[in-house]
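Given these sequences and hints, build the entire structure.
Quick note, the sequences are listed as chains U and P, same order. Each residue of the first sequence is one higher than the one before, starting from 7 at the first, in the working numbering. Each residue of the second sequence is one higher than the one before, starting from 12 at the first, in the working numbering.
FYI, nobody ran anything at the bench for these hints, they're computed from the structure. For each residue, glycine too, the CB sits at the ideal point set by N, CA and C. One should not assume that every hint holds.
A few chain P residues facing chain U, derived, Cβ under 8 Å [said to hold, decoys possible]:
#1 A42
#2 G51
#3 Q52
#4 L54
#5 F66
#6 P86
#7 L101
#8 T110
#9 Q111
#10 F113
#11 P115
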Amino acid sequence: AQSVTQPDIHITVSEGASLELRCNYSYGATPYLFWYVQSPGQGLQLLLKYFSGDTLVQGIKGFEAEFKRSQSSFNLRKPSVHWSDAAEYFCAVGFYNNNDMRFGAGTRLTVKP
Amino acid sequence: DGGITQSPKYLFRKEGQNVTLSCEQNLNHDAMYWYRQDPGQGLRLIYYSQIVNDFQKGDIAEGYSVSREKKESFPLTVTSAQKNPTAFYLCASNDRADTQYFGPGTRLTVL
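See the structure below:
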């Protein structure tokens, strides 16, 4: 079955530490790939996206993600986390027209001082 | 500034009532979407519209209705047939690069 999996429900990191959030998908073809961030009670903000080409994509707020076809993964990384990065992060996959866009269940990030 | 607005931010519904959530965009996007968000479940698609006067059901359309009379507007009505409507509702629109942008959301609570 087609699916998007974020294996970590909740991650806690110390401020200044590096971060990696995992995302795996199960689709027949390579979909479009997205990472969004959501602060409590707010909408989703796009961090970055991958459609094709260079498998390492840069986004806003110092985030990057790497597409690995062999692992069906699109993990999000940040070298040094700031307290303001505490939020919920969603991985999503889509296709042309995005009428079947699928979201992972989300990973909640807590940042320790 | 271009963007997506949703109103109201908070909405309370009594049993048996229909309520309508507003979504407006000034991004000139053709496609618009409604999602429902419940804790720990990510987002689930309720309805989408690719063009004015046309819309399609998503995964969880039962108990909801929509209209698309104008390009800028895509209101969602939560009917009394929706048995568990308490949730956070998000509206989105799609640009021509197939990227979705989201509004700030409406939190609906059943009293």
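Identify whether the interface hint at L54 (chain P) stands, where standing means a beta carbon of chain U within less than 8 Å of its own. holds (4 Å)
For the restraint on F113 (chain P), tell me whether the closest CB of chain U is nearer than 8 Å. The hint holds - F113 (chain P) has a Cβ within 8 Å of chain U, the shortest such distance being about 4 Å.
Hold the hint about Q111 (chain P) up to the distance rule: shortest CB distance to chain U must be less than 8 Å. This hint holds: Q111 (chain P) lies near chain U, its Cβ roughly 6 Å from the closest one there, short of 8 Å.
Quick check on the hint: A42 (chain P) CB to chain U CB, less than 8 Å? holds (7 Å)
Is the shortest C-beta separation between P115 (chain P) and chain U less than 8 Å? Hint on P115 (chain P): holds, closest Cβ of chain U at ~5 Å, below 8 Å.
Restraint: F66 (chain P) near chain U, CB-CB cut 8 Å. Satisfied or not? It is violated, given that the least Cβ distance between F66 (chain P) and chain U is near 11 Å, above 8 Å.
Should the hint that T110 (chain P) touches chain U count as held when the rule is a Cβ pair under 8 Å? Status holds, d = 6 Å.
Going by Cβ atoms only, is G51 (chain P) closer than 8 Å to chain U? Result: holds, 6 Å to nearest chain U Cβ.
Min Cβ distance, P86 (chain P) to chain U: is it shorter than 8 Å? Violated, about 17 Å.
Minimum Cβ distance from L101 (chain P) to chain U below 8 Å? holds (6 Å)
Interface hint outcome for Q52 (chain P) [beta carbon to chain U under 8 Å]: holds (6 Å)
The structure is inconsistent with the numbered hints 5 and 6, although it conforms to all the rest.
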